[in-house]
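Chains as they are written, first to last, in the working numbering: chain L, 1 to 332; chain F, 1 to 332; chain D, 1 to 332.
Heads up, some of the hints might be wrong.
What the hints assert, rightly or not - Have a look at the derived ranges for each label pair, beta carbon to beta carbon: (1) F:G97 with D:P47: 54 to 60 Å; (2) D:I276 with L:Q181: 16 to 22 Å; (3) F:N124 with D:K14: 28 to 34 Å; (4) L:D35 with D:T96: 46 to 52 Å; (5) D:D48 with L:H183: 52 to 58 Å; (6) F:G5 with D:Q91: 37 to 43 Å; (7) F:D12 with L:T96: 44 to 50 Å; (8) F:S101 with L:T96: 28 to 34 Å; (9) D:G291 with F:N182: 44 to 50 Å.
To be verified - Subject to a maximum C-alpha distance of 25 Å in a straight line, what follows is the list of computed PhoX-like cross-link-like pairs (lysine-lysine): (10) D:K317 with F:K288; (11) F:K320 with L:K320; (12) L:K314 with D:K320; (13) F:K303 with D:K103; (14) L:K89 with D:K108; (15) D:K285 with L:K303; (16) F:K317 with L:K317; (17) L:K89 with L:K108.
As the list claims (entries may be wrong) - One side only, chain D facing chain L, incomplete, derived with CB under 10 Å: (18) H218; (19) G220; (20) V221; (21) G260; (22) T319.
Keep in mind the hints are simulated off the structure, nothing from the lab.
Using N, Cα and C, we set each Cβ at its ideal position, and we do this for glycine too.
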Amino acid sequence: MYTLGEIAEFIDAKLIGDANIKITSIASTVSAQNDQLTYVVNKRYKPDLIASQAGVVILNDNLLSDCPTNALVVDDVYLAFAKITHYFKKQVTHSTGVHSSAKTNNAKIADGCVIGENVVIGQNCIISTHSSIEDGVTIGDNVYLHPNVTILQGCSIGNNVVISPGAVIGSEGFGNARDQQNHWHAIAHLGNVVIGDNVTIGANTTIDRGTIEDTEIHDGVRIDNLVHIAHNVIVGKDTAIAANTGIAGSTILGKRCMIGGMVGIVGHLNICDDVIVNAKSTVDKDIKTPGMYTGIMPLMLHKQWQNVGLWLVKLDKITKYLNVKLKNLKDQ
Amino acid sequence: MYTLGEIAEFIDAKLIGDANIKITSIASTVSAQNDQLTYVVNKRYKPDLIASQAGVVILNDNLLSDCPTNALVVDDVYLAFAKITHYFKKQVTHSTGVHSSAKTNNAKIADGCVIGENVVIGQNCIISTHSSIEDGVTIGDNVYLHPNVTILQGCSIGNNVVISPGAVIGSEGFGNARDQQNHWHAIAHLGNVVIGDNVTIGANTTIDRGTIEDTEIHDGVRIDNLVHIAHNVIVGKDTAIAANTGIAGSTILGKRCMIGGMVGIVGHLNICDDVIVNAKSTVDKDIKTPGMYTGIMPLMLHKQWQNVGLWLVKLDKITKYLNVKLKNLKDQ
Amino acid sequence: MYTLGEIAEFIDAKLIGDANIKITSIASTVSAQNDQLTYVVNKRYKPDLIASQAGVVILNDNLLSDCPTNALVVDDVYLAFAKITHYFKKQVTHSTGVHSSAKTNNAKIADGCVIGENVVIGQNCIISTHSSIEDGVTIGDNVYLHPNVTILQGCSIGNNVVISPGAVIGSEGFGNARDQQNHWHAIAHLGNVVIGDNVTIGANTTIDRGTIEDTEIHDGVRIDNLVHIAHNVIVGKDTAIAANTGIAGSTILGKRCMIGGMVGIVGHLNICDDVIVNAKSTVDKDIKTPGMYTGIMPLMLHKQWQNVGLWLVKLDKITKYLNVKLKNLKDQ
């Protein structure tokens with residue numbers, strides 16, 4: 001908990017408001033309450049700002065007149081946000097063995113596992129060798145963690161979940177603000193990963209925690225090996241994701257989707273329910289209609305591909321050129 | 001071991017046959033013996049069914065008249081198969097340290113490694129820190145396991161094998177049956193991973209175990225980092241596979257192939273010997289002729305790519321349109 | 001340390017020179033000193049050979065007359081080099097807990113971590129559960145290693161570095177020489193990984209050590225999850241690399257680049273400063289001009305893609321055919 005006076009100092013901001021007000025956490029502009037801090041990066045979010053019930057908002061001078069509450073005025077809002085997140089990040093206890101405050105029921109916990117403060121584990125769980133479960137993690141009933149699984153602080157796992165070896169749940173999201181010297185400043189990710197019931201997660205798969213809100217894996221989801229799921233992604237009920245696939249930040253996948261192997265889905269997209277994406281395709285725009293989608297270059301003999309490639313990069317020129325030629329010919 | 005009566009109850013099947021017959025394991029329709037269970041998903045496998053020596057076959061009513069042995073009749077064969085696999089999956093012992101039944105010869109085993117029941121390790125092996133070797137694993141001579149390697153139950157490793165940190169051998173395959181409510185039911189994978197001699201496996205690579213039969217990595221194979229090899233894949237002798245590549249289930253790679261980085265090979269394919277696939281290509285059909293293959297989109301300035309992309313998605317329309325135009329012009 | 005006589009025997013070479021000269025290590029042809037061994041694979045490197053100050057050079061008979069120093073003449077230079085590297089590879093100690101020679105300052109080291117011989121750790125570091133730090137590793141101040149991180153022998157990490165769970169630093173490079181029977185012979189990688197200050201490395205990411213010289217990650221670099229960085233890659237200052245990306249051996253990335261997710265960059269390339277590569281693109285040639293680059297197939301309905309694909313593989317034939325047609329028409 002910090003006062004507005006302290007926060008203004010931490011991020012070198014001009015405070016418009018009461019320096020004694022106490023802030024307990026960070027929240028989105030829409031959900032923040034009067035003991036929470038939020039930020040508004042640009043005018044697109046002006047309506048949210050006007051309606052915000054936050055205790056304080058980090059913003060630019062040009063949005064100050066629209067701020068209904070205390071303001072922290074800075075030049076680079078995103079950078080100031082990145083810096084302040086670190087003050088609200090909980091430190092983990094780095095326990096030895098099973099922490100005395102952990103409730104592990106009848107779980108079989110292999111020797112050498114580390115279970116942090118206030119962890120709660122349900123009935124009939126198996127925690128295999130060399131697993132690390134940090135403070136505040138909640139695990140449901142009938143959960144099987146294979147060896148070398150890492151679940152970072154505060155994440156929660158539902159019932160009947162199987163997590164394969166080497167999977168990482170709750171790693172930091174890849175969010176960084178860049179300053180004027182082109183140096184990156186990491187955002188401390190304060191959200192968690194929330195995994196529903198009947199989920200399976202593959203070997204060496206990584207699921208990042210959310211920035212402020214949570215990354216969500218809904219009931220019945222199947223995730224294969226070496227999949228990357230970024231911060232704030234939401235994977236809808238009963239969706240299956242094959243190996244080597246990556247889903248970038250804040251994308252929302254619908255229910256019952258089937259995502260093939262090594263598919264890349266860029267960030268901030270909405271994929272509707274019942275979408276099939278074939279292996280190796282790239283999804284770079286919203287999908288609003290259920291169906292099967294593909295976007296890959298067909299395989300050819302290398303020699304053939306070289307010839308095709310030569311024309312492919314000129315495809316716009318070819319079509320223009322042919323249009324003119326055809327037009328000219330027609331006009332003759 | 002279960003009786004047919006018990007199995008019929010487990011999967012809610014109508015048993016045609018003797019309820020007292022005992023089944024010890026699951027096998028393919030072709031290889032199953034009279035104490036084994038198998039399943040036939042559709043009419044394509046009718047010849048195998050007719051010739052099968054299995055103790056019992058899970059099948060649909062419409063194949064019942066072709067069944068030469070006991071039958072378990074269900075509506076959804078694949079789903080019933082998925083459910084019954086779990087009854088035949090061995091539980092691991094979750095040992096502490098080196099299990100008393102393990103034979104480790106003169107292996108250097110780092111503190112904190114866990115070695116399960118009936119593990120056999122050959123001469124001159126090094127098992128580095130935080131490695132987990134589950135029950136029944138067999139390891140040859142001169143094997144070097146780097147830190148954090150996981151080898152799951154029943155897998156076998158040949159001589160002179162090097163496994164890099166974080167690699168996972170024998171994780172569950174990504175096989176799931178979907179019920180009428182679109183919920184996924186995992187298949188318990190009962191096959192193993194069998195790795196030959198003189199193989200190297202890269203860091204954080206994952207190799208899934210087979211469904212019923214084994215996943216096979218033959219002698220002399222080289223596998224780089226972060227590669228995914230799915231259930232029942234066979235990688236032929238002296239083949240090399242570069243980083244980030246994924247090979248989907250049941251695909252067979254020939255000998256002496258060189259698979260570039262981040263290549264995706266879809267499932268159930270046959271790739272012949274001496275094939276080179278360039279980095280980032282997608283292999284979506286059998287390859288029957290040795291040679292070098294490529295299938296990638298050339299890199300362009302983003303602005304140029306946007307123009308090319310516009311026409312690319314219309315390529316079939318362009319060719320049709322031009323054909324008509326040309327024809328019309330010619331007819332003038 | 002070996003004499004030239006011993007080395008000649010190890011790799012079955014004809015020695016031209018003094019069998020008693022002692023060789024302490026391996027170096028590049030350009031940097032090797034008189035107690036070091038180097039190798040020259042073909043005539044392209046003749047100028048380097050002529051200028052070399054190495055103690056001995058492995059080479060073919062046809063380059064012998066240009067060799068200014070002792071020579072080890074073999075038929076297959078690369079294979080002989082692969083074999084000799086193993087003699088110069090240091091064995092690690094496979095310690096238990098923290099080795100007595102390690103200097104760990106005030107680091108918080110979780111139970112079960114293994115810290116090797118002569119490791120040096122700076123001020124205020126946190127080494128989480130199940131981390132393995134091999135002999136000779138150097139770690140700066142304020143470094144945070146999450147659980148299950150592996151840092152292999154001799155690598156060095158700067159100040160203010162965060163390494164996410166499951167990351168592997170210093171795994172063996174994927175370099176292999178093939179003999180006449182098509183068997184692969186691994187090169188023992190003798191270089192290290194050198195990571196600068198203010199770097200973050202994502203979960204389950206792997207960074208291979210260099211062959212002779214080091215793999216370098218410069219100050220301020222950000223690397224996301226499941227990224228593969230091969231031997232001898234150099235990543236320039238303040239460059240950011242998103243998840244699932246792979247960079248092949250010896251490629252040099254400039255400063256302030258932004259590499260999207262699941263990008264593949266082939267080996268031995270030079271990418272200049274300030275390059276943006278969009279997600280899923282393949283970089284297969286040098287980039288000499290700053291800017292934004294893309295190379296992906298657009299996503300389509302599968303049915304549409306099938307039609308486009310049919311023409312795409314014939315694009316060179318279409319353009320040739322149309323040119324003829326157009327020419328013929330014009331000539332009429």
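Numbers of unmet hints, in rising order = 5, 6, 13, 17 and 18
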